[in-house]
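Trainee: Protein chains in written order, with our numbering: chain A, 1 to 352; chain B, 1001 to 1183; chain C, 2001 to 2380.
Take the hints with a grain of salt, since some may be wrong.
[Claimed, not checked] Some chain C residues close to chain A (C-beta under 10 angstroms, calculated; not the full set): (1) ALA2056; (2) HIS2082; (3) VAL2093; (4) THR2101; (5) GLU2236.
[Unchecked claim] Listing some non-contacts, in silico: residues in chain A with all C-beta distances to chain B over 12 angstroms: (6) ARG22; (7) ARG43; (8) PRO291.
By construction, these hints were calculated from the structure, which means they are not laboratory data. Positions of the beta carbon are idealized from the N, C-alpha and C atoms, including for glycine.
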Amino acid sequence: MPATDIAVIGFAQTPSVRDDARSEVQLLVPTVAEAIEMSGVDRREIGFTCAGSCDYLTGGPFAFVQNLEAAGAWPPIAESHVEADGAWALYEAWVRLQEGDIDTALVFGSGKSSPANPLELWPQQLDPYYLAPLGVDPASLAGIQARALLESGKATERDFAEVVARSRRAARSNPNAQLKGDVDADALLAEPYFSSPLRRHDLPPITDGAAAVVLARGDKARQLCSRPAWIRGLDHRVDPHQPGMRDLTTAPSATLAARKAGYDGGPVDVAELCAVFSPQEIILREAIGLPEATEINPSGGPLAGNPVMAAGLIRIIEAAARIIDGSANRAVAHATGGQLLQQNLVCLLEGE
Amino acid sequence: MTTTSGDKKENLVMEHLVSLTYHEKLTPTLNRFVDELLAGRIVGHRCPSCSRVYVPPKGYCPLCVVATGPENEVQCRDRGIVTGFTIITPVAYYGQKETEPFVYASVLLDDADSPLGGQDIVGIPHEQIRMGMRVRAVWKPEGERTVEGISNRGWGGLGSVVEAFEPTGEPDAAPEEYMEHIF
Amino acid sequence: MERCAVVGIGQTHFKKTRDDVTIAGLIREAVDRALEDAECTIADIDAVVIGKAPDAFEGIIQPELFLADALGAAGKPLLRVHTAGSVGGSTFVVGAHHIITGIHERVLAVAWEKQSEGNAQWGLAGGRSGGIGAGGAFAPWMRAYIHQSGAPEYIGWQVAVKDRLNAVKNPYAHLKIADITIEKVKESPMLWDPIRFLESCPSSDGACAVVLTNEAGGRRAPRPPAWVEALSVRSELAQFPGRNPVKPQAGVDCAHDLYRQAGITDPRSQIDVAELYVPFSWYEPMWLEGHDIAGPGEGWKMVDSGETEITGSFPVNPSGGVLSTNAIGASGMVRFAEAALQVRGQAGEHQVDGARTALAQAYGGAAQYFALGILRAEPT
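Excised from the complex, chain A in its bound form (with noise of 0.2 angstroms):
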């Protein structure tokens, strides 16, 4: 049975922008440096570093290498790289600080967008022999997981429409949001069409940033944060790649991880769901099981900004700063990896 005795007790993320200049690294130095400080841990004493990102991202392999500069190598520590979201990197610390062995955890995520073009980079994340080769993009993967919810009668393109305007309006008391304003769904169905059903705003704004977080275990993080918010579970799952060998209005894998994090449906505050794609967020919801009443992306999620590799730790981030700041006492975080929610990760946070 896996320990309930870690907590996130340290956080930073960088504003989301469209075109950050810093190298991924400069933006990791300040967020790293900012995390550690709230969190009140000396750096020397961090017990273990895992970091998530993907080479990709800049074209250069063993970009990741770099931004081990970041994480304060010197003298050598124990840390680890997974080419993932950052989400994930916080799964691997987790794991490994329930040893017992170790207090206190840094994990940090960073991606920057704007090198290259998502629509060309991304379809080399799809099968090399049958996908990659057609050049199927993002956007016209989601447009057709889109088109199966509108089929399937779980959604209208004004519930498209309606996901993106509360983002936007969420994410006006969001500082780090990239896309916020008051918009209302008539003015959004207006616009014309990007990949049918979807309209642009349906899509995730091109973002750089990072994102780092501090774990502790137990009385460590007791004593370093007056509310700590506790991760009570969390658990992450994948589907088969081949879209055509799943429903696409549903995600499994995110049920799954639900469940095994110990999720059941029950009464939570706020959820932070990454859901890419607006429709993705009427499929999670429900994937999940998230009651009516539960606050969905107050920080009005990667909608309003969408640090890839760091999505998904800003997430967890999002949900944990609510804990932390009292303003709610249970927390679904949600990260997602791949295309048409392949991949999900999902975190359940309490207070005390």
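Dock chains B and C against the given chain A, drawing on the hints supplied.
Mentor: This is chains B and C only, laid out in the frame that chain A set:
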């Protein structure tokens, strides 16, 4: 992107060539470095915490994990010591232009603590290049200087501005002077 | 905390080009052998941890996502590790942590590279001209080691001959040069002074998988398990003033942490066999010293005296090592798998007699990432 298939050996092999274009701005730190370089000056950042000088500047000190900026800028002399080198026999791959053995040397400038990697050494036969050899920069004439090869990833630190280093003829540096910089 | 046992091991046959299989087919070959060894099926696996070196080597972003189906990972956790050349070792370590913490009962850890599907030289060069290759990056440090230790130049040739002859005894090894001689190594072309062609690793296609389980699973296993006694990882910066890249501190710290956990005070006498990541011949003496198995300047003497031969007192790389087989992402995992095979007594023709305690080591990046493990025949 082109996709072709053909019979290679007994198995079907699909050729799938992918071309991705990246438009990456130089970081503000490197932008400033390049402006100075084009004007014939090599600048670095001195860490306010440990006083180490990084060339090119990183915008932070990786040892102290503190940010550095224009206020930490220092100018370095364009001469230094070869702290390590190898002669590369190039292998062919897509985009490779080198065909003959070439020098890949690290040069520690006199005022710097971080060596410049991947430098060419000229004016001396390959077999006479040695660790500890004192060298100076060979600058391209002002009109011919370009920033080609300078990138955020640290390849070719001096781009097409300093084309190589050449021996100064001074006595070699003692190993103590460079053993901590043999990258 | 749970004990962790290696109960299934599978490797592919490594070759320059495995164009008889797709990437998925290649990985399944290793996975199926590991499952068969453990006498279980993919349905018995709780989670999959997968590692490989940079995605640019095959040109696929996060390829594990498309491999999820073939790995049988659907509905399971699938975690992708990437720590440069050490990744195979790191993947084993991360997989084992899932068992040690009791989070899962049976984990599949798999690492792979199919280098023929891309161009690793292009990848290492970042797509630019003037790439120096891994050999070019490590050559100055090997030269510095020779300079500092006073080692004769034939030491590198001896390591090459030993590993190539060991590989002949390993059914899965890529390069098998049965008629190798010191003369042949010496006369092979110089690639990156001091490294000659026959002192360098090949570029391979291949995969390696292990089934890891807890103590109860280990005791139930159909064949003797290898018990994970200790694990450690360390990383340090690639380049900084004062760094010793010949004997990186991260490698020293990692080894000492490992020995402390395993109660090893004299690694040279207490370890029976070592699988070290040696992509260029000189790295055998360098890691013997770099992990404080031998004292300063003593590593090459262990090579010279034949101590690291398969019949010697401290055999290194009886499998033929990375010098004979290098599917980059898989290479670290192969070190752990081969170390486990040795303590299980299942290394076949390259079995070291009486191996009870084995050291597995992987390193990566600019000799800055380390993953080390101690495997034993009995749990302690």
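Trainee: All the hints need checking, so say for each whether the structure fits it.
Mentor: How the hints compare with the structure:
| no. | hint | in the structure |
| --- | --- | --- |
| 1 | ALA2056 | holds, 4 angstroms |
| 2 | HIS2082 | holds, 4 angstroms |
| 3 | VAL2093 | holds, 8 angstroms |
| 4 | THR2101 | holds, 4 angstroms |
| 5 | GLU2236 | holds, 4 angstroms |
| 6 | ARG22 | violated, 6 angstroms |
| 7 | ARG43 | violated, 7 angstroms |
| 8 | PRO291 | holds, 43 angstroms |
Taken one by one, the earlier hints fail for this structure at numbers 6 and 7, listed in ascending order.
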